[in-house]
Amino acid sequence: MERLRWTLHDSWVEAERHLRVIPRNVELLIFATIQPIMFLALFAYVFGGSISIPGFADYDQFLMPGIFSQSLVFGSAFTSIGLAEDLSKGLVDRLRSLPMSRSAVIIGRTISDLVRNLFTFVVMLVVALLLGFRFEGSILDAVAATGLLVLFSYALSWVQAVIGLAVSSVEAANSAGFIWMFPLTFVSSAFVDPSTMPGWLEAVADANPFTVVTNAARALYNGLPVGNDAWLSLFWSVGLIIVFSTLATRRFSRSTSA
Amino acid sequence: MHGVEKRFGETRALDGVDLTVPRGAVYGLLGPNGAGKTTSVKVLTTLIRPDAGAARIDGIDVVADPDAVRHRIGLTGQYAAVDERLTARENLIYVGRLFHLGATESKARARELLERFDLTDAGDRVVKGFSGGMRRRLDIAMSLIARPSVLFLDEPTTGLDPRSRLAMWDVIADLAADGTTVLLTTQYLEEADRLAERIVVIDHGHVIAEGTPDELKARTGGALLNVSIARAENRERAMSVLTPLCSGRVEPVTDDDRSFVAPIVAGDRVVPGVIRALDEAGIDVLDVAVRRPSLDDVFLALTGHIATEEEGE
Ligand SMILES: Nc1ncnc2c1ncn2[C@@H]1O[C@H](COP(=O)(O)OP(=O)(O)OP(=O)(O)O)[C@@H](O)[C@H]1O
Ligand SMILES: [Mg+2]
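Chains as they are written, first to last, in my numbering: chain A, 9 to 266; chain B, 19 to 331.
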């Protein structure tokens, strides 16, 4: 118990260190806000008129949840870059010499990224509503949808943590953290109905956890039946967190800085 | 530490290092690049596990009970361990909280240390704009936040300009006066000479000498005599004339054919005899100098190669 309490305490001290500096970097803040807005507007206006999806009167109602989940997933890349950056500095050596919880360094990082992604998401949601997006289900459904998306993004933060700890430089973290997100988010149900894809690709898209999470959120936002997707995406997220937090913590205790 | 070994692949970074620092003492760990200084510090501060041997801080084994060790030590590593995005004060409070000092105590300690390290004016500025010297002072302040009984300073003045280096020496001398046990590593022989009461010289992962600065200097056999004469063709003769007066071999200087050097027993009043002997042999003297050996000479004598004093980052 005592140990758990200190782990939480240390994690919060770490998270606070990262959160405290976010408002200081105004440029970064502006770009982080503009990017999802741009995404949303571009996709909605460029594709909006040309694509129709069976079961959805309005493509926007189909597309926007997809963009929400994609941008949340992209947001998880902050974790690998941030951790790689921390590791490249002498500060980690100091942290390792302190009587603090080892995992707090990574937990703190993922928590601060979670807060940051949540902020971006709220901005995005407001813009989406201004552009005409509507919650067709209950407000509780919308909250559940948001919760599933954010939880999945948090789970991917842990995947990113392992990447950030495994690579040798910030530049490498930048590419290694991003590159797999394109297939992950495009070979999915985020933008189109997978049944329009070639057979083998459709199979991949259907098995993609990102599809599961996106479908669940989309159904909930639109007040449609979710089926098993809600539970499945919960499973995926929790499973990823368990596996990758174990890997990341183990890796962190072993690695040393330059 | 006793018989500590650490390998990185093929590299034997530490090859059986023995080192004991009494409580309250200031020891210098001296060695060239790659000697194993940082690796020694990392073993003692629980950052890496030794492959063999044991290391204890205040009697506590670093491998068996790292957390207890971490409560007692302060580390200022070779590379500045500060968060550049935070202010100096925030950095201090942050580390204080990770030491579980509590918010109030952390703040009070931060204020105290900012004052002590002459950072009060800069305390609420973001560290990114700090000079090397200010960063280093903050770094040391951060390692003192929980009043450690043992402090490790890995090359505390590498990369500082001469003025900041002098200021840093004062800081370290003050710490020593407070009774903190300090192990500092350095490539600067002058620095070890100035700050440490005892020096441990390491090279290629081995301790090759240990003693007070004066003891180590005595190892080279006293002082060095350096003679320059007017005419190169007389050098051979001058060298043989002086051989009986010196304590070792008289060696010609390679890049100056009118000079030669020889070890002499320090404080023996050799110089008048040298001048008289050369005068009697009819050799004109340009210059006679006696130099107390520096630690560089010690290093040369101990290892057979010159300490490489490359600047770190
Ligand atoms: N993580 C590592 N992986 C591989 N080799 C390493 C590692 N750390 C140190 N070494 C090697 O171990 C040897 C001792 O290194 P160490 O850093 O202890 O030297 P040092 O005395 O601190 O040198 P410097 O003055 O350059 O800081 C060197 O040959 C170095 O290349
Ligand atoms: Mg070193």
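Derived by calculation from the structure, the hints in this document are not laboratory data.
A virtual CB, placed ideally from N, CA and C, is assigned to each residue, including glycine.
A couple of the hints might just be wrong.
Covered stretches of chain A, going by a simulated chain B footprint (3 or more residues, C-beta under 8 angstroms) [said to hold, decoys possible]:
{"id": "1", "stretch": "36-44"}
{"id": "2", "stretch": "86-99"}
Listing some non-contacts, in silico: residues in chain A with all C-beta distances to chain B over 12 angstroms [to be verified]:
{"id": "3", "residue": "N33"}
{"id": "4", "residue": "A112"}
{"id": "5", "residue": "V123"}
{"id": "6", "residue": "V200"}
{"id": "7", "residue": "D237"}
Each hint, compared with the structure:
no.	hint	in the structure
1	36-44	violated (count 0)
2	86-99	holds (count 3)
3	N33	violated, 8 angstroms
4	A112	violated, 8 angstroms
5	V123	holds, 16 angstroms
6	V200	holds, 41 angstroms
7	D237	holds, 40 angstroms
Figure legend: structure checked against the earlier numbered hints; hints not met, in rising order: 1, 3, 4.
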